[in-house]
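> Spelled out from the first residue to the last, the chains are:
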Amino acid sequence: MAKRKRHLLRRPKHSKSLNQIPGTLTYVGNKESVETSLDVIDYNQEQYERFQSKSPQDAFKFVDEDRITWFNIDGLNNVEEIEKLGEYYELHPLVMEDIVNTGQRPKIEEYQDYLFIVAQMLYYKDGEIENEHISMIVGKNYVLTFQEANGDVFDPVRERIETGKGRIRSRSADYLMFALLDAIIDNYFLVIDDMSDRIEALEETLFTTQPSDDITLEIQELKRNILRIRRAVFPLREVIGRLEKIESDLIEEKTNNYIRDLYDHIVQISENIEIYREMIWGLMDMYMTTISNKMNEVMKVLTIMASIFIPLTFIAGIYGMNFEYIPELQWKYSYFVLWGVMIIIFIGMLYYFKRKKWL
Amino acid sequence: MAKRKRHLLRRPKHSKSLNQIPGTLTYVGNKESVETSLDVIDYNQEQYERFQSKSPQDAFKFVDEDRITWFNIDGLNNVEEIEKLGEYYELHPLVMEDIVNTGQRPKIEEYQDYLFIVAQMLYYKDGEIENEHISMIVGKNYVLTFQEANGDVFDPVRERIETGKGRIRSRSADYLMFALLDAIIDNYFLVIDDMSDRIEALEETLFTTQPSDDITLEIQELKRNILRIRRAVFPLREVIGRLEKIESDLIEEKTNNYIRDLYDHIVQISENIEIYREMIWGLMDMYMTTISNKMNEVMKVLTIMASIFIPLTFIAGIYGMNFEYIPELQWKYSYFVLWGVMIIIFIGMLYYFKRKKWL
Amino acid sequence: MAKRKRHLLRRPKHSKSLNQIPGTLTYVGNKESVETSLDVIDYNQEQYERFQSKSPQDAFKFVDEDRITWFNIDGLNNVEEIEKLGEYYELHPLVMEDIVNTGQRPKIEEYQDYLFIVAQMLYYKDGEIENEHISMIVGKNYVLTFQEANGDVFDPVRERIETGKGRIRSRSADYLMFALLDAIIDNYFLVIDDMSDRIEALEETLFTTQPSDDITLEIQELKRNILRIRRAVFPLREVIGRLEKIESDLIEEKTNNYIRDLYDHIVQISENIEIYREMIWGLMDMYMTTISNKMNEVMKVLTIMASIFIPLTFIAGIYGMNFEYIPELQWKYSYFVLWGVMIIIFIGMLYYFKRKKWL
Amino acid sequence: MAKRKRHLLRRPKHSKSLNQIPGTLTYVGNKESVETSLDVIDYNQEQYERFQSKSPQDAFKFVDEDRITWFNIDGLNNVEEIEKLGEYYELHPLVMEDIVNTGQRPKIEEYQDYLFIVAQMLYYKDGEIENEHISMIVGKNYVLTFQEANGDVFDPVRERIETGKGRIRSRSADYLMFALLDAIIDNYFLVIDDMSDRIEALEETLFTTQPSDDITLEIQELKRNILRIRRAVFPLREVIGRLEKIESDLIEEKTNNYIRDLYDHIVQISENIEIYREMIWGLMDMYMTTISNKMNEVMKVLTIMASIFIPLTFIAGIYGMNFEYIPELQWKYSYFVLWGVMIIIFIGMLYYFKRKKWL
Amino acid sequence: MAKRKRHLLRRPKHSKSLNQIPGTLTYVGNKESVETSLDVIDYNQEQYERFQSKSPQDAFKFVDEDRITWFNIDGLNNVEEIEKLGEYYELHPLVMEDIVNTGQRPKIEEYQDYLFIVAQMLYYKDGEIENEHISMIVGKNYVLTFQEANGDVFDPVRERIETGKGRIRSRSADYLMFALLDAIIDNYFLVIDDMSDRIEALEETLFTTQPSDDITLEIQELKRNILRIRRAVFPLREVIGRLEKIESDLIEEKTNNYIRDLYDHIVQISENIEIYREMIWGLMDMYMTTISNKMNEVMKVLTIMASIFIPLTFIAGIYGMNFEYIPELQWKYSYFVLWGVMIIIFIGMLYYFKRKKWL
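Chains as they are written, first to last, in our numbering: chain A, 779 to 1137; chain B, 779 to 1137; chain C, 779 to 1137; chain D, 779 to 1137; chain E, 779 to 1137.
Bound-form chain A, shown alone:
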């Protein structure tokens, strides 16, 4: 059995470090080593500019009211820089706190001038699902995204903006929000497809290998993984559902169709998760029956061997006795007759077990 430490829920200790004063900013997570970096994309139908920096202040001069600005921050360690960004966009202190507290469950909060969305990205690491906290601020003409580590799930969106493919350049900030959420949800499909492959592989293993505790462990790991995925997806489903119904100037009428599409996707993912969950739970039962089948087989071998040879050994024992008067011992053909009898018993036994379908 592997010795590596298994974390039941890869819990980021608990969103807020204990006894922390509410409303103060401290990064809570397990990716302290990731350096904070900033990536700004500023675009409209005609123009496109991209800028990378370590400090938001360098970037503010690039921000143009007529263009849509997408700030992407990777790494949440450098709390001061994040705070500056928060001040620039006048974010609520509790929002700032939630951005750096990575244990948040997906949620949406409406503020006067912006929407605040928390989601979770999922990826595999050493065979275990990892959650990565993503938060998003959607304003009139800007989108801020905050990631714990430098992920690549948004790359296709960047490319589409750069090359001007699709509708994205001609739409407003809410469409960018949709595109980013769409990228996150598309990623879930990958993760649950992988889950499906692992379930199938395990089903295969169940029947072809000898029962071992490794299989139990793997089933348990699948359970843990599906529970983690569920924890990321189900609240996000509520978020998208509420996004569909929100009445805000920030969401244009025509973007609503796209959000509904998003909702369809996440409902589909949720349904698949539930199905996989049932399958995984079923694996344990399957495993029990295969173990029982194998034990049955072992017992049959034992029973057949013992049932055949124990009586024969008894017979041999009889004629190994040293009584002075055992008539059979003197007769010349006794030995051969006895062999005959034994062979008949042997064949009779085999026939009996054959008829019982144990052979």
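There could be a bad hint or two in this list.
You can't tell identical chains apart in this list, so a pair holds if it fits in one copy or across any two.
Under the rule of at most 25 Å between Cα atoms (straight-line distance), these lysine-lysine pairs were calculated in the DSS-like manner [claimed, not checked]:
1. Lys1032 / Lys885
2. Lys1132 / Lys885
3. Lys1032 / Lys943
4. Lys943 / Lys862
5. Lys839 / Lys1135
6. Lys862 / Lys918
7. Lys862 / Lys832
8. Lys1023 / Lys1135
9. Lys862 / Lys1032
10. Lys1110 / Lys1135
11. Lys1110 / Lys1032
12. Lys885 / Lys918
Hint data in this document are derived by calculation from the structure and do not stem from the laboratory.
Dock chains B, C, D and E against chain A, hints included.
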């Protein structure tokens, strides 16, 4: 155990190919080889025309405002032709996308001039349930249906239109929609009846054959199948339920009774699915008890054989010892007396096991 | 194991024969041989008349506006006669269809001039629960009931009308409807009481007999039965619930108290069904533990026998060896000493197993 | 296994005897032998009178408009006397029927002049939970309570009235109702505490005794008991919940706080019931693992004994063979060397099993 | 197995001692020995005073209308002192009763001048979760907290008030309430993290140790613990949820954001609890499979030993027979040939079991 690849959910990768730009048309499914073909039926109470083609444009000239037109497209590969149809009927880009993305869950969407319905057809292929994506556009006097492969579930409807049997020729497009949904749902009855037969057959097998991993596998396959059926039927139930309540000029008052009837049917199917599901889940438990019963039987044979012959062999062993002074050995009738003792032990043992009801 | 065919849900193929044109009348069920017969009771406070016939037309002349008329049709084969009745009372074609399609789940439908209620009667046949389709039309001063076979569950109601016992003669048609539904629901009590007896009997059997596949089968049959009962009762509960809330001229104010009473009863039945369901599901677990207990016992016998006699046989084997120089063999009392040793081992073993509580 | 008859739900046949005419009074229950007796307490702040009789008519003269009258009837056999009481207080016939039909589930019904409440008292009898039907009529200045048997759960309330302790004498009839319901619910605490003790005791037994069918039976009995308790408590919770919301002149504003308190209590009981239920269901699993553990132990003893002595016996058997030429037999020290070899094998085996932790 | 008494729900007998007169004050709990002590903190932005006493009356003179007063009472034995406090702040008798009755489930009650909140603190004691009853009165400018024992969960809040860190000194009483609830909920994170560690540790143990009843017991204890945690957390979630929606002058607008934050935390805890619950329930299944795996291994050892040596012993037995004429016995090399045969059988057997993967 069969070596064939089992797909857990026969997933069409995931409705949308990853990183695809939202709103662009690409066929997503696993029936790429099916050639797109078009079948147009144009009818009213008096007239009936049928036309088959590879291109919708040939068909448009046949379309007559006074008649109801049913376009049926088999095969979703030829995206351009489908696009032309979409332009002709002014369909929303996202609708067009959903038509060719076959992983959609059943849904209904109301648009200004038409209803968009997605459903799933079910059929068996190599003992596994397959889902086939069907989408339907219902307009004022036309119905468009899109199928992945050339199915035959609509043939009875075609026949009724051709021969003018029943109400169908005298009613409007919404009744045609009802007739088509009715055909799909009727098909579900076949599928779940088949499921019922397989459950019964497996129950029978459980008791009559030796336990083997094949049975576990079959139960698992039934589970997968019922989960797939559920995934097709339950959302369609919501669809029909909403169809009942929709307030649209497209649905006539008198068609509502028929839709309610449809709803009754799909509720009934849903209930049966839940019952079959409980039965299938119960099969695993049943199987465990039969395995245990069989193991019990094996153990009894072993125990009886060992309990009878081990003591007897011990006795024989005693008189096979080479001690110089064993008084019994000299006595003339010892051997026969010993046989007597052994037979008494043997019969006593049999009686004991008989009384314990192990024999 | 019994060879008789078990039907999982005693499904009447599926309410509607496949590809049947919606709105046409064909009897769907498995009691084709039952001849249609008609029983008309016409009564008011003062008068009472009863009439039996094969054709409704003979009966129409008996119908008197001032009296309440109860048409009871047994057997749904003679579709034409039923159609005549439908025309006389101006029933909707879909209602007519539902009357003869026996797979319907219990439901209530309000029409202008009448209520349409579908329910299911339950009875045992060869140890399996059978459902019988009953439909009821309740109009201003008439009640029509349609049964698949000639049942006797309504006899007490007939008697009450005939003898004028209770309130029934002095009330209107809705009270008759109540009395008939009450008779059906009373019958459910009988069926679930019987279910309770069978559960208890099976519990008893579980402990007193050797494990066998018959018990697994019986548990499975109980499961099937309770699922069937549930399928009849739960939708009827909704029906009665809606009947309580319906605002219709057909239901008098003072009948409402009786309907509420009916609702109490069916809720009570539903609760019992859920309890029995839990008990039945628990039976499988109980059964598993009794099998395991029995196997444990078998194993103990084997282990005790083997543990005692295998070492003793070994000792006997030692002194059966033919080495030229085994000092013990020459000593005169060796044989007796050895017996002593063996008896001590034997008693020691027994004591050991006694202390382990295996004996 | 005990031979006593176990009743699954201690069903009072079914609230209404079959085919009984609705609205007629017949006692339905299993305590026919209890003689009906009447206990009247008439009190206000200043006065207190108590009167016991067999007939309500004797009591009516004691009833004083200015005082609160509590009629308590024990035993529901004497239907005529109960009927007289019903007439005196002008109760609805269906209420009268529900009073004597003891299978009713807890409910509340509002009438013009009074509230009708049905509850169930719980107590142990021969280790099984028994339900006793209690119904209560709460009017302007009277409370009628009807019990199947002479219980003592109301004694503390009687004492408080007599001695004038607490608020009860200074309050109106609704407070008396509260006090009585409070007494019933307090009693539930006793019953579920007892349940808790039994669960703990059984857990203890599970580990300390040999597996036996008695334990399975006891777990099953606990299941039955908890299901029965649930059946009494859950509907009463709804009753109290509705009582809280009822708008009736009969309930004073200031009594509402007490009813809310009652509701808190019954919610707490419901939660505990659910927890106990989970614990009881878990007992079966626990039991299975302890059986398996015990079987494992049995198998280990067998395997160790057989694995050690079967090879040794084989070796002894080798040198018991009668071949003319077996070189070892002639050598003088063979026997002693062989003993050495055997002891080494023996120790080796012990070490092997020790390392496998089977010893 | 440990002999210590396990309490299923550490029930404080039942919130109200049986037959107690409603509305009278008696401490109900199991911490009778804790002496009641009083700790008063009186503060505003500028001032801070702290006072400890045994009697509230000493403290009343310290109370200043312009400051926020936090009374904390540890130990609920001294009912008279608590009563004095209740009179001073004009608390409702039922509130007073709920403060000293420690079995209350978490709840919130709105009164004219104050809110009454009941919560439960959780901590470990001898490996079992203990609940401690906390009640809180929140008034215009005061907060009263009542604890059963002297806990330390509020210490960080005290420190923040004393040192003036964070917002707390500049806010009103409702913010203090938030800070205290926040401290309680933070504590839950610790408890469930600990739970997570124990689950992981047990998973580890499951595979590395021999099956024993101790593991079953530990799983059962985890179940009990998680059920207890759930019982404390789930109703508190409702409480916080209602607190969010309450319209009261006592809760300032700007505190609402903090309460929403609190709600997010408790929802997160609830979700984790549900996940842990599923994991714990899964442990029993895992345990069963590891037991079965271990038994399988035991059986294989037995079967291999018996299958190899029983036939060999039989062969040795054959040539131990004393027939006068056994031709093989005379031949000189018989013995060596036989050894050869036996070794071949031995190797053949090993190969057979190897191929079956039993070795």
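> Now, for every hint given, state plainly whether the structure supports it.
Going down the list of hints, with the structure as the test:
no., hint, result
1, Lys1032 / Lys885, "both (23 Å within a copy, 20 Å between copies)"
2, Lys1132 / Lys885, "neither (65 Å within a copy, 56 Å between copies)"
3, Lys1032 / Lys943, "within (19 Å within a copy, 44 Å between copies)"
4, Lys943 / Lys862, "between (33 Å within a copy, 22 Å between copies)"
5, Lys839 / Lys1135, "neither (84 Å within a copy, 71 Å between copies)"
6, Lys862 / Lys918, "within (19 Å within a copy, 37 Å between copies)"
7, Lys862 / Lys832, "within (12 Å within a copy, 50 Å between copies)"
8, Lys1023 / Lys1135, "neither (65 Å within a copy, 60 Å between copies)"
9, Lys862 / Lys1032, "between (33 Å within a copy, 23 Å between copies)"
10, Lys1110 / Lys1135, "neither (40 Å within a copy, 44 Å between copies)"
11, Lys1110 / Lys1032, "neither (107 Å within a copy, 103 Å between copies)"
12, Lys885 / Lys918, "within (20 Å within a copy, 32 Å between copies)"
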